[in-house]
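K.L.:
Sequence:
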Amino acid sequence: MLLSVTDQIIILLAAIYGGFLLGLVFDLYRFVRDILRFGKAVTIAGDTVFWALGLILILSVVYSSSSGLIRVYQLLGFAAGMVVYFKFLSRVARGLLYALIYCIRGFVYSLLKIIRGPVRFLSNMLWTPCSRVKVKTAKLFIGLGKDLRKYIPMLKDKK
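For the sequence shown, the numbering used here assigns the number 1 to the initial residue and increments by one for each residue that follows.
Any given hint might turn out to be false.
[Unchecked claim] So the derived label-pair ranges between C-beta atoms look like this: (1) V133 with V108: 33 to 43 Å; (2) L144 with Y109: 40 to 50 Å; (3) W51 with V5: 29 to 39 Å; (4) A93 with W51: 48 to 58 Å; (5) V119 with I152: 29 to 39 Å; (6) F38 with I104: 48 to 58 Å; (7) V84 with L53: 37 to 47 Å.
Hints were generated in silico from the structure; no laboratory data involved.
Using N, Cα and C, we set each Cβ at its ideal position, and we do this for glycine too.
Given only the sequences and the hints, what does the whole structure look like? Please build it.
P.N.:
Written out as structure tokens, the structure is:
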């Protein structure tokens, strides 16, 4: 099947776009892996899942742009798209992701500080009555223990 030059350019641009997407997905995976610090086994499983998803992405771009026919210039387009992404956009994307996680951590920290104040206040208010109850309960159990000790010899003598 012969394609016009325009169709081939569209297929090449779709492949370059697919390479950009694959690079972005890899940066997202690398970001998650850096944040969560997986062990070796989970990293191997994650790499396998990434490449499976990458294969699905590549095949979907190939199928949508050229009806599933793989051409050499498509493969070169994917490679060129990834190279351009990693050369020019990867650092910016990772910087934005790390800035986002920094903002989320700051928000969670502020939220915990706001929640911690009332909880600490209620804890201090309830601590004094609770400590009094704790002392009275301890005295009650100590008294019960003394009462039970005088009955222990009687229980041992029974045969």
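K.L.:
None of the hints should be skipped; say for each whether it holds.
P.N.:
For each hint, the structure was consulted:
1. V133 with V108: 33 to 43 Å: holds, 35 Å
2. L144 with Y109: 40 to 50 Å: The hinted range 40 to 50 Å holds for L144 and Y109, with Cβ atoms some 48 Å apart.
3. W51 with V5: 29 to 39 Å: The hint (29 to 39 Å, Cβ to Cβ) holds, given that W51 and V5 are roughly 33 Å apart.
4. A93 with W51: 48 to 58 Å: violated, 20 Å
5. V119 with I152: 29 to 39 Å: violated, 45 Å
6. F38 with I104: 48 to 58 Å: violated, 20 Å
7. V84 with L53: 37 to 47 Å: For L53 against V84, whose Cβ atoms are near 21 Å apart, the range 37 to 47 Å is violated.
Taken one by one, the earlier hints fail for this structure at numbers 4, 5, 6 and 7, listed in ascending order.
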